[in-house]
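A.B. asks: The residues making up each chain are set out below.
2 protein chains.
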Amino acid sequence: MSYDPISRVRRFNRAVTAEVGALDTSFLGRGRPLGAARVLNAIGQGQADVAAIRDYLGLDSGLMSRLLRSLEEEGLIATIPNPQDARRRIAKLTETGRSEFEAYEALSNAQAKAFLSRNSQPEELLRAMDIVASSLRRDHIVLEERDPRHPDARYCLSEYYAELARRFEKGFDVSLSRDPDAREMIRPRGVFLVAILDAMPIGCVGLKGSGGDVAEIKRLWVAPSSRGLGLAKRLMAAAEIAARELSIEVLRLDTNSALTEAEQLYRRAGWIEIDRFNDDPYPDTFFEKRL
Amino acid sequence: MSYDPISRVRRFNRAVTAEVGALDTSFLGRGRPLGAARVLNAIGQGQADVAAIRDYLGLDSGLMSRLLRSLEEEGLIATIPNPQDARRRIAKLTETGRSEFEAYEALSNAQAKAFLSRNSQPEELLRAMDIVASSLRRDHIVLEERDPRHPDARYCLSEYYAELARRFEKGFDVSLSRDPDAREMIRPRGVFLVAILDAMPIGCVGLKGSGGDVAEIKRLWVAPSSRGLGLAKRLMAAAEIAARELSIEVLRLDTNSALTEAEQLYRRAGWIEIDRFNDDPYPDTFFEKRL
DNA sequence: ACATTTATCTGACTTAGGTCAGGTAAATGA
DNA sequence: TCATTTACCTGACCTAAGTCAGATAAATGT
Chain C
13 MSYDPISRVR RFNRAVTAEV GALDTSFLGR GRPLGAARVL NAIGQGQADV AAIRDYLGLD
73 SGLMSRLLRS LEEEGLIATI PNPQDARRRI AKLTETGRSE FEAYEALSNA QAKAFLSRNS
133 QPEELLRAMD IVASSLRRDH IVLEERDPRH PDARYCLSEY YAELARRFEK GFDVSLSRDP
193 DAREMIRPRG VFLVAILDAM PIGCVGLKGS GGDVAEIKRL WVAPSSRGLG LAKRLMAAAE
253 IAARELSIEV LRLDTNSALT EAEQLYRRAG WIEIDRFNDD PYPDTFFEKR L
Chain D
13 MSYDPISRVR RFNRAVTAEV GALDTSFLGR GRPLGAARVL NAIGQGQADV AAIRDYLGLD
73 SGLMSRLLRS LEEEGLIATI PNPQDARRRI AKLTETGRSE FEAYEALSNA QAKAFLSRNS
133 QPEELLRAMD IVASSLRRDH IVLEERDPRH PDARYCLSEY YAELARRFEK GFDVSLSRDP
193 DAREMIRPRG VFLVAILDAM PIGCVGLKGS GGDVAEIKRL WVAPSSRGLG LAKRLMAAAE
253 IAARELSIEV LRLDTNSALT EAEQLYRRAG WIEIDRFNDD PYPDTFFEKR L
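So the protein lines, in turn, are chains C and D. The opening position of the first sequence corresponds to residue 13 in our numbering, with each subsequent residue numbered one higher. The opening position of the second sequence corresponds to residue 13 in our numbering, with each subsequent residue numbered one higher.
Because the hints were derived from the structure by calculation, they are not lab data. Check the hints yourself; a few may be wrong.
Stated by the list, open to error - The calculated lysine-lysine pairs, modelled on DSBU-like cross-linking and capped at a C-alpha distance of 30 Å, are:
| # | chain 1 | residue 1 | chain 2 | residue 2 |
| --- | --- | --- | --- | --- |
| 1 | D | 125 | D | 182 |
| 2 | D | 125 | C | 245 |
| 3 | D | 245 | C | 125 |
| 4 | D | 182 | D | 245 |
Here the structure is a predicted model, which means the values were calculated and not measured.
Generate the whole structure from the sequences, applying the supplied hints.
C.D. replies: Written out as structure tokens, the structure is:
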């Protein structure tokens, strides 16, 4: 017996619509109408092109224009014509605008902190919130190339190692494994891809090349909160496309049979099991795919 | 290494504010302004007293009055003076109003269903949504007395039995345990309390009396989605209050040491371990509390 | 060179939502 | 009984948000 899924979804909707306004009221906390606050915050987050902001916030061009004027009158922003195209305008925060934006950020952070402190064990709640956020925003996941030493990449890798340590019977120690040199996962030899959702890294994959026409897939990882969304498949497909761009002809990878879901993914994507091709202590299964 | 909790909360807020409008647009789907739709739905859900609706939706009395007039003009509701107090008014759906309300319900159900069907394995997502909803609405949890044969009570009991079956090494079979007769958990002998959150049962406890001044606490259960909110403690406190009302002087309970968190709860609430007082095969630890 | 397209702005207008100061009629308390 | 309180209604007014039809000026295609 289980409670009706539709009721559960609707209950979530009710809870969220009833409470989320209270959860983050930072946009209303500084005596400015919501519209103006949203524009100010979009600019503060780095959006500069007026058309881009309008598009992002879904505003009519007339309304947008008026909101920009009101922020200008407050002395919070300045707009200048785009040097490449004088019809377009670029909006930037002034000094006062920047400190006003930071006040909004501080408000929002404080509210998030207060929310967390109302919960005695926030870790499980946070995990649940991650799952919901990933699922709701699944269509906004973007894959980006990153240097493997970039903080986003390093976050993914450390989570990946931690997971291997949990799942392998004998644990996992990076230093025992052939950790690919960062150089070999940067163009022109290879690439390192990170899946980003709302500025948070939630998955990665590395293509490790040696300059020849054979390359290896390494470090495929998807955050627990984002599993079941087909992200691993998407990362693998993107890595394959990158491999073709780099004129790779043969892809290889090694894996461990403890990672059952991975093996299934490879087989379905047309990978074929081959003999061991390295003496790394952790993998016990080896695959190849000709492009 | 773990991602900053504040960023995670803010990411959830962004995801939810961006998507939840799209998640349930049923209130906007029938060409009526949001305010009127909300009032119609409040009445459809059984709210009748005008003041109660106004309070529930947080509306100004002038606005409320106008919304009621517009719904009346549409022929969806009828208002009559309260027979006990002719100043107050009672709002009820007309025939057309009822079918309009049901159209909203159908829309909302269809959207929830569509949302579920977009997810390949919705069970984990639903679990996460339950956790978030329970936590956000924790202050709205109410404890209500229910007949143990009421569907809400039976839902809780079947979940409780299923959990015992999972957690006990040898499983759990209700028929082997001394299942208290429903009569003994109804006043004046005892009570059965269910914790309700937004119409969904999320916990229960039974007070089983025999007519004398000794009674037993049975069937204490909290839904996994609602743990960590202090609900078990609250249920126990409510059961104690009910026991005092029924002139019970000694409370007893049995538990199994596999349920570690329960034992701690009892000790902290002033219960004292005593000798075995029944020959039920499942419990191995026994407690008593004098009121 | 010139018609067309594009990005933004301006003015006129609409709707939803909400506030506030009375007004009416019923209920209540001294 | 009668002043006071209470529940709801009405009219006047306000703001935020959004729509729409041009206007303006820069860029673009032929």
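A.B. asks: All hints, please: hold or fail.
C.D. replies: Consistency of the hints with the structure:
1. D:125 - D:182: violated (38 Å)
2. D:125 - C:245: holds (26 Å)
3. D:245 - C:125: Holds. Residue 245 of chain D to residue 125 of chain C sits at ~26 Å (cutoff 30 Å).
4. D:182 - D:245: Satisfied, since the Cα-Cα distance of roughly 28 Å is no more than 30 Å.
The earlier numbered hint that this structure contradicts is number 1, and it is the only one.
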